[in-house]
Amino acid sequence: MDERAFIRLKERPPAMHILKSRPWHLPESCVTPESLVFGRRKAMALGAGMLAATPALAQQAGLPPAMRNTRYAPGRAITAEREVTTYNNFYEFGSHKTISAAAQRMPQRPWTVKVEGMVEAPREYDIDDLLRRMPLEERVYRLRCVEAWAMVVPWTGFPLSALLAEVKPLSSARYVVFQTATLPSVMPGLRQSWYPWPYTEGCTIAEAGNELSFMVVGAYGKLLPPQNGGPLRFHQPWKYGFKAGKSLVTIRLTDQRPVSFWEKIQSQEYGFWANVNPAVPHPRWSQAQERMLGTGETVPTLLFNGYGDFVADLYTGLQRERLWA
Amino acid sequence: MRLIGLALLALAAGLYLGFGSDPLGAVLFRLDPGLLNLVQAVVQRYLLPMLWDNVLLPVLEAPVWVVPLVLGAALTIFGWNRARG
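Line order of the protein sequences matches chains A and B. So the first sequence is numbered by this note's numbering: it starts at 723 and just counts up by one. So the second sequence is numbered by this note's numbering: it starts at 10 and just counts up by one.
Note that these hints are calculated values from the structure, not bench results. Hints may contain errors.
[As the list claims (entries may be wrong)] Cross-link-like lysine to any residue pairs, in silico, SDA-like; alpha carbons within 20 angstroms at most:
#1 K819/A <-> P58/B
#2 K819/A <-> N63/B
#3 K986/A <-> L44/B
#4 K819/A <-> M59/B
#5 K819/A <-> V48/B
#6 K819/A <-> L66/B
#7 K986/A <-> V36/B
#8 K890/A <-> E933/A
#9 K819/A <-> V51/B
#10 K836/A <-> T926/A
#11 K986/A <-> N46/B
#12 K836/A <-> V889/A
#13 K819/A <-> R54/B
#14 K986/A <-> R39/B
#15 K819/A <-> V52/B
#16 K986/A <-> A35/B
#17 K986/A <-> V48/B
#18 K986/A <-> N63/B
#19 K819/A <-> A50/B
#20 K944/A <-> V862/A
#21 K819/A <-> R39/B
#22 K819/A <-> N46/B
[Unchecked claim] Quick list of the computed label-pair ranges, beta carbon to beta carbon:
#23 E888/A <-> L80/B: 56 to 64 angstroms
#24 V1021/A <-> V51/B: 25 to 33 angstroms
#25 V48/B <-> T808/A: 22 to 30 angstroms
#26 L47/B <-> E805/A: 46 to 54 angstroms
We put the beta carbon where it would ideally sit given N, CA and C, even for glycine.
Go ahead and model the full structure; you've got the sequences and the hints to work with.
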């Protein structure tokens, strides 16, 4: 006698035939075939093998989990993701803020990053390999644009010092140079052949080694979108935003101070150091205040964007340098 | 009008001798590195992004003598026809 018949028999009311399905009841059609049950180990082994063989696919689905580092609390509310991902400066795609749709044409995989120059162990990383190797964490940083707007973003990434530890800088290395990808087929700005492409930025080796210097691979718990500089950008939150190279393909250590992209074009407005200072105006506007993306609220700008406790000592003895623009 | 056209043709010849076939944008950049960035920002942020990409940029990418040559030729021909008829 099958199970259902037995239940019907046992529960049959004296005068009526009412069939009531129990909550735990499953029809015969739901029973897994024996061959699959006993073949599941084989199937699981096959699935695991596929995942191991295609880690890039697994990574593309999202970032590996990263714990938030609360040491760098921004003291301000996080800006809405939509604002951060739709109001962008990325000169290779144009001078306006609505480049996010055009930036989607920039392929994010495969992507390799070279770390070269004055290092003991130059390397070329596949971006997914880099994600696996580096100690990922989330940091909520303020970002102050030289154009007097600001935002607060939960970035995911790793300290630049962790990457430098792998390649072992030579003692003669004094600067770190960051170069953005040049992809003429998707970047209309590169048609302006008179500009000094690729977009180049840099900092001193001491600034690079500061704990705040952060290589960013994600935002809001997701892979970094191309319009924000995906798959890999740099961020030093005490400097104006243009110092942060986006969509990086080369990181070079050198003993020569680099002349950055904007410095070559308008050195009076965009210098090498570009530390945030509300008391030093841009030649064409004040830097005393900043407009918060999203809320539109205007707030006072802070010296070193509020990160003076972490970085002020980097500039001891450099008063003769043009540290603020 | 014909005189202006002839002057523009002379300018085109002079630019060719001076800059060869360098793009107009490259020549302007040499003369004032910040100029085109400022113009682009005004056009793309306050007017229309496509206006820069599809109209102004092709002009800037063309050899420096193309604009005075085309304008000069047009004005010369127009002025010539007007004088005759």
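TODO: Check each numbered hint against the structure and report the violated ones by number, ascending.
DONE: Those not satisfied are hints 18, 21 and 26.
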